[in-house]
Amino acid sequence: MFFFCSASAQSLRQNRQITPDEDALGIQYYQEGEYEKAAVVFERLFSNANNEGYFDIYFNTLLKLKKYDVAEKIVKKQIKQSPQPEIYSIALGKLYQEKGDAQAANKIFTDVISKLPKDEFKIRMLANNFYRYENYEYAIQTFKQGRKLMNDDKAFAFELLNIYRFKKDKPMLMQEYLDILPSKPQLLPQAEAILSMLFEDKNDYQTFQVGILKKIQKEPDVEIYIQLLTWNYIQQQEYDMALRQLIAYDKRKKADGSTLFNAVYTFVDNGAYDSAIKAYEYLLTKGKENQYYLPSKIELLNTKYNIQTKGKYNTADLELLAKDYQVLLDENGKNKNTLFAIKKWATLQAYYLNQPSKAEIALEEAIKLPGISSTEIGQLKLDLGDIYILTAQPWEAFLVYEQVSKQFEGQAIGNEARYRSAKLSFYQGNFEYSNGQCLVLKAATSQLIANDALNLGLLITDNTQTPTDSSALKMYADAEMLLFRNLPDKSIKKLDSISIAYPNNSLADAILMSKAKILIKADDYQKAADILKKITEDFKDGIWTDDALFTLADLYEKKLNDIAQAKIYFQKLITDYPGSMYSAEARKRFRNLRGDGV
Numbered sequence: 172m173f174f175f176c177s178a179s180a181q182s183l184r185q186n187r188q189i190t191p192d193e194d195a196l197g198i199q200y201y202q203e204g205e206y207e208k209a210a211v212v213f214e215r216l217f218s219n220a221n222n223e224g225y226f227d228i229y230f231n232t233l234l235k236l237k238k239y240d241v242a243e244k245i246v247k248k249q250i251k252q253s254p255q256p257e258i259y260s261i262a263l264g265k266l267y268q269e270k271g272d273a274q275a276a277n278k279i280f281t282d283v284i285s286k287l288p289k290d291e292f293k294i295r296m297l298a299n300n301f302y303r304y305e306n307y308e309y310a311i312q313t314f315k316q317g318r319k320l321m322n323d324d325k326a327f328a329f330e331l332l333n334i335y336r337f338k339k340d341k342p343m344l345m346q347e348y349l350d351i352l353p354s355k356p357q358l359l360p361q362a363e364a365i366l367s368m369l370f371e372d373k374n375d376y377q378t379f380q381v382g383i384l385k386k387i388q389k390e391p392d393v394e395i396y397i398q399l400l401t402w403n404y405i406q407q408q409e410y411d412m413a414l415r416q417l418i419a420y421d422k423r424k425k426a427d428g429s430t431l432f433n434a435v436y437t438f439v440d441n442g443a444y445d446s447a448i449k450a451y452e453y454l455l456t457k458g459k460e461n462q463y464y465l466p467s468k469i470e471l472l473n474t475k476y477n478i479q480t481k482g483k484y485n486t487a488d489l490e491l492l493a494k495d496y497q498v499l500l501d502e503n504g505k506n507k508n509t510l511f512a513i514k515k516w517a518t519l520q521a522y523y524l525n526q527p528s529k530a531e532i533a534l535e536e537a538i539k540l541p542g543i544s545s546t547e548i549g550q551l552k553l554d555l556g557d558i559y560i561l562t563a564q565p566w567e568a569f570l571v572y573e574q575v576s577k578q579f580e581g582q583a584i585g586n587e588a589r590y591r592s593a594k595l596s597f598y599q600g601n602f603e604y605s606n607g608q609c610l611v612l613k614a615a616t617s618q619l620i621a622n623d624a625l626n627l628g629l630l631i632t633d634n635t636q637t638p639t640d641s642s643a644l645k646m647y648a649d650a651e652m653l654l655f656r657n658l659p660d661k662s663i664k665k666l667d668s669i670s671i672a673y674p675n676n677s678l679a680d681a682i683l684m685s686k687a688k689i690l691i692k693a694d695d696y697q698k699a700a701d702i703l704k705k706i707t708e709d710f711k712d713g714i715w716t717d718d719a720l721f722t723l724a725d726l727y728e729k730k731l732n733d734i735a736q737a738k739i740y741f742q743k744l745i746t747d748y749p750g751s752m753y754s755a756e757a758r759k760r761f762r763n764l765r766g767d768g769v
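First residue of the sequence shown: 172, per this note's numbering; consecutive thereafter.
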């Protein structure tokens, strides 16, 4: 291992008339493995400087050349002359290790540690010197001895965690986190991130689980251990076990449910909806006086909504869910605090229960509710415009979109309104107007809207060159309209019929992308991934390729649990499509999966 302080070297050059070219040449020789030449340069520099600035690199060069006698001579001289001889004693021990005399080396190391003063700075300095010479076990011993001297069993925790992580010493890393987390709960996210990277299989999680449970037995009221155990169960996809532990803790502490309520979001994020529902149902048993009663009821309905509107839905279940939202509105009234329930109820009526007229009335009434912000009203109008399309009132939809786009000109919601207007024109086959709107939106501040507008504009431009192309695009627009109406099966049939009607159409990649989106919504992730791969392989210059790469990487990371494949596709997007809107996010996600900065 090679350590060299450039600032120190610069100071030496100034004081001893050593030119920058001299030590640069020596470093170059060292890095290129020309140790004989490097030794000649650094012997002179070290002798002239008569200072520790060049000691490290000269000493390491001598070890590389196995010139142990020379190295021993200069080390012992430094021990006699230096006000901090223990630093050079560690170097001498390293020398004996290199010679194969482990007994002599260990004697020196043990002696140095035994003479440690009760001085935090000196303890840390000595441990760091062990670390720089790759004597990690002695660095650990130094910090542990320091804990005894300082009478603080939590001292030097960060340093020990870093060493254990570097050594990939899973047992000691687990134990150190278990010991330190009660006093430093802010380290929990770091602990979870690092352990998840180091743990290789379920055995590691089960080993950690044993350690956590032992801590809980000794300290049953320490909440951080409950949080850690919950995370550990979730990593193993044992959601009911995590829930059981959280409920037991809540009952034991006679708590208000806050720990459980905050943990349920993790269940939802991981798709453990059944466990989430059980958790919310338990919280409801605490009664209406509990502060989490109404939030739990709301989240219970929203969780059921997420489950029942995914993939193949059951109309009877959704009718019951709509009634539950109606009961909530009846109990709490229609106001700005229950606006979310009005919107959810309207969505169910419009897109799942074939009652768009009821949704239209509900949203028109919601717009008139007092206390709602102008932005919320604008969003309600956009949703209402969508409903107007379903109730065969495209002109009303167009007017609403135009109204919002003018009211919020240049803002995100205004750009969204203009894009919806462009999509409506696209559905109607008015490609020229739709493309004109897209050209305006390419300069939108919202990257997502700008990207969507760019893709739609390119789709129109590329597929309206001939009457045949335009006819095929009109069929594609019809398929997209069916998807907008939440009729995926009919949409797929329409997509499949395009190639039959127009065998030489140029919409192949767009058709595949639409099918992939339909499959993702239906939770058929593997089939979606297969289609997305085809896009990335067969249409490298297509307008949907970067979208396909990002979506594919996201599927592998979050749905298919294949981190290796996720990294491959994120990296491919970064490398092959650096100008993509997704490249910055892909880079961030890739680095996170690789463990950078954790």
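Careful, some of the hints might be misleading.
Claimed, not checked - Derived CB-CB ranges, DEER-like: (1) E756 / P356: 26 to 36 Å; (2) Q316 / Q697: 51 to 61 Å; (3) K424 / E269: 49 to 59 Å; (4) K278 / E756: 30 to 40 Å; (5) A614 / K457: 22 to 32 Å; (6) A679 / Q618: 23 to 33 Å; (7) M296 / A614: 37 to 47 Å; (8) Q618 / T546: 26 to 36 Å; (9) D712 / S354: 37 to 47 Å; (10) D747 / K459: 54 to 64 Å; (11) D712 / P541: 50 to 60 Å; (12) K389 / N322: 16 to 26 Å.
To be verified - For lysine-lysine, the following DSS-like pairs were computed, each having C-alpha atoms within a straight-line distance of at most 27 Å: (13) K483 / K459; (14) K743 / K729; (15) K743 / K686; (16) K251 / K289; (17) K468 / K494; (18) K514 / K468; (19) K449 / K248; (20) K341 / K449; (21) K449 / K459.
Hints are computed from structural coordinates only; laboratory data are not their basis. C-beta atoms are modelled at their ideal positions from N, C-alpha and C, and glycine is treated no differently.
May I ask you to test the hint 26 to 36 Å on the CB atoms belonging to E756 and P356?
-> 30 Å, holds
Can you let me know if the beta-carbon spacing of D747 and K459 is within 54 to 64 Å?
-> With Cβ atoms ~56 Å apart, the hint holds.
Using the Cβ atoms, figure out if K424 sits within 49 to 59 Å of E269.
-> 57 Å, holds
Within 27 Å, alpha carbon to alpha carbon, are K483 and K459?
-> This hinted pair is violated, its Cα atoms lying about 34 Å apart.
Could you tell me whether the CB distance from K389 to N322 stays inside 16 to 26 Å?
-> 21 Å Cβ-Cβ, so the 16 to 26 Å window holds.
27 Å limit on alpha-carbon distance, applied to hinted pair K341 and K449 = 34 Å, violated
Are the Cα positions of K251 and K289 separated by 27 Å at most?
-> 23 Å, holds
Does the Cβ distance between A679 and Q618 fall inside 23 to 33 Å?
-> Cβ of A679 to Cβ of Q618: about 27 Å, so the range 23 to 33 Å holds.
Would the pair K514 and K468 pass a check requiring their Cα atoms to be no farther apart than 27 Å?
-> Holds. K514 to K468 sits at ~16 Å (cutoff 27 Å).
27 Å Cα cutoff - pair K743, K729 | Holds, at about 18 Å.
So the hint says 30 to 40 Å: do the beta-carbon atoms of K278 and E756 match that?
-> Violated, since K278 and E756 (Cβ atoms, about 55 Å apart) do not stay within the stated range.
Status of the given 37 to 47 Å range, CB of A614 versus CB of M296 = 57 Å, violated
Comparing the model with each earlier hint shows violations of hints 4, 5, 7, 8, 9, 13, 19, 20; every other hint is respected.
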